[in-house]
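J.: The primary structure of each chain is shown beneath.
2 protein chains.
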Amino acid sequence: MKLNRSHRLIAMTHYLLAHPHTLVSLSYFVDRFQSARSSISEDISILKKEFPNSNIGSIETVAGASGGVIFRPSIAPDQALERVQALCQELTDNDRILPGGYFYLTDILGDSDHLRLIGQIIASRYREAGATAIMTIATKGVPLAQAVSMYLNIPFVMVRRDSKVTEGATVSINYASQGQSRVEKMELTKNSLGEGEKVLIIDDFLNGGGTITGMLSMTKEFNATCVGICVLAEVQNPDREVAFDYQSLMQVVKSQDNTQLVEVLPGGIFDDHD
Amino acid sequence: MKLNRSHRLIAMTHYLLAHPHTLVSLSYFVDRFQSARSSISEDISILKKEFPNSNIGSIETVAGASGGVIFRPSIAPDQALERVQALCQELTDNDRILPGGYFYLTDILGDSDHLRLIGQIIASRYREAGATAIMTIATKGVPLAQAVSMYLNIPFVMVRRDSKVTEGATVSINYASQGQSRVEKMELTKNSLGEGEKVLIIDDFLNGGGTITGMLSMTKEFNATCVGICVLAEVQNPDREVAFDYQSLMQVVKSQDNTQLVEVLPGGIFDDHD
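In order, the protein sequences belong to chains A and B. Residue 96 in full-length UniProt numbering sits at position 96 of the first sequence, with consecutive numbering throughout. Residue 84 in full-length UniProt numbering sits at position 84 of the second sequence, with consecutive numbering throughout.
The set of hints was computed from the structure by calculation and includes no laboratory data. The model shown is predicted, which means the values in this text are computed figures rather than measured ones. Just to be clear, a hint being listed does not mean it is correct.
The list treats identical chains as one, so a pair stands whether inside a single copy or across any two.
When the alpha-carbon atoms are kept at most 30 Å apart in a straight line, the in silico BS3-like pairs for lysine-lysine are as follows [to be verified]:
{"no.": "1", "residue 1": "LYS254", "residue 2": "LYS164"}
{"no.": "2", "residue 1": "LYS185", "residue 2": "LYS164"}
{"no.": "3", "residue 1": "LYS220", "residue 2": "LYS185"}
{"no.": "4", "residue 1": "LYS164", "residue 2": "LYS190"}
{"no.": "5", "residue 1": "LYS49", "residue 2": "LYS164"}
{"no.": "6", "residue 1": "LYS254", "residue 2": "LYS49"}
{"no.": "7", "residue 1": "LYS190", "residue 2": "LYS254"}
{"no.": "8", "residue 1": "LYS48", "residue 2": "LYS185"}
{"no.": "9", "residue 1": "LYS48", "residue 2": "LYS254"}
{"no.": "10", "residue 1": "LYS49", "residue 2": "LYS185"}
{"no.": "11", "residue 1": "LYS190", "residue 2": "LYS49"}
{"no.": "12", "residue 1": "LYS220", "residue 2": "LYS164"}
{"no.": "13", "residue 1": "LYS198", "residue 2": "LYS254"}
{"no.": "14", "residue 1": "LYS220", "residue 2": "LYS254"}
{"no.": "15", "residue 1": "LYS220", "residue 2": "LYS198"}
{"no.": "16", "residue 1": "LYS48", "residue 2": "LYS220"}
Work out the full structure, taking the sequences as your base and the hints as a guide.
T.: Take a look at the structure:
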């Protein structure tokens, strides 16, 4: 069955969205649609023009016999900022401050619209970082890591604080949390990360930085390197001294006694022009 | 800027894929593309024909002033079965049997391609179930719940076995695990689920059924009702007597002494013709 241009554009858009950062050969489309290579090339030119116009991302053409197209999702900085500003507004609610000064974010982490947005923004920022895997810590980092994984098309691994018998051999490390006052343990299944992987670390919240320092140690334990660190929200804390670079989507500003929310602002990821 | 049909079809496909099970008014597209209502209607007719042709799902038109379109993702049963058969093949590897007879699935849960497939299959099966929320248990249920959430466009909530101080008030219940031989505790943040919600329960693995029985009790505790239960894999166990209906994507068949993997087969979700 020969198919017309409308059909092909719809089906190719769907296919590329589900296969980001993947080289798709023209032959795949030629075979699938039983269309001439020239027609497929014309389709690609249209997609190449319209994906950026529609703020979906870019399509890169790779020439040659083994050539094809690579779709790289991205979101325009102004649109990303506008939507995160709306999210900050929604989060500026004193009821979100829990006993101990913790900030309640869990509902955001269960909402597919928010997760899509967060995934797009982080994947957009790190699209040239060359990450081969995402590392996060259970439970609340998992939805974020997964959202980014969907747009970067790389797997994510889940570090855990508790040991489970259903995991096989694990590597465990100790790390200091709550300003060096406590030592905790985190573990990662041994065969979940290979040697030499380039890891993007994702977490929900940055407070003192202990958990992320722990994940950096874990990365070293696997002879992997860290190519980026990004958190959904950080507590604004001018005294924090962390030995790593990171990006945040939001900054939570609390009163000095840690009991009241002052405001939620877009984070450092939006200052970064590269 | 007036935009042509190719542009609109690409942008509308992208938009609908990101907004499943949502009524999108024609006016939204009319405004966004500054096009005549008649052109948008023609676009919709094309999409309505091509989405099922391309195995993306269906588009329902809602008539009237407040009308529009609703995209419902689905996957053709034969394509779903074919891909799950390939996954079963990939999983039929004796190294996946861990001490204690546990079956290693964690790598699947960190892979965006597998998660997309699983999300599509489960969302397709339960698309008429009227679920308003997905419930799962940390950690390994989370990626599955999130994948389904992306296609059903409903939030997911994460039940936890451990208590965290960063969560606010929780509801906790006790449940019997490992064939009534142990009592464990699970908790859910109080404001994560409303009264009267219709819950789809998702988990990675069904063995004795204790965890799912626990989640059913949790559902009752919130005055919510369960409209479906689905697991990624179940251990084939003719002696299991569970007091609930469920679907599985795969069945793991082990040797009688629980130490060897015999085979992995497609699960009950593929027997179900409704």
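J.: All hints are to be evaluated individually against the structure, with a verdict given for each.
T.: Against the structure, the hints:
| no. | hint | verdict |
| --- | --- | --- |
| 1 | LYS254 - LYS164 | between (36 Å within a copy, 21 Å between copies) |
| 2 | LYS185 - LYS164 | both (13 Å within a copy, 15 Å between copies) |
| 3 | LYS220 - LYS185 | within (16 Å within a copy, 35 Å between copies) |
| 4 | LYS164 - LYS190 | both (13 Å within a copy, 26 Å between copies) |
| 5 | LYS49 - LYS164 | neither (49 Å within a copy, 48 Å between copies) |
| 6 | LYS254 - LYS49 | neither (45 Å within a copy, 53 Å between copies) |
| 7 | LYS190 - LYS254 | between (39 Å within a copy, 24 Å between copies) |
| 8 | LYS48 - LYS185 | neither (48 Å within a copy, 53 Å between copies) |
| 9 | LYS48 - LYS254 | neither (45 Å within a copy, 50 Å between copies) |
| 10 | LYS49 - LYS185 | neither (50 Å within a copy, 54 Å between copies) |
| 11 | LYS190 - LYS49 | neither (44 Å within a copy, 48 Å between copies) |
| 12 | LYS220 - LYS164 | both (22 Å within a copy, 28 Å between copies) |
| 13 | LYS198 - LYS254 | neither (34 Å within a copy, 36 Å between copies) |
| 14 | LYS220 - LYS254 | neither (34 Å within a copy, 37 Å between copies) |
| 15 | LYS220 - LYS198 | within (11 Å within a copy, 45 Å between copies) |
| 16 | LYS48 - LYS220 | neither (40 Å within a copy, 51 Å between copies) |
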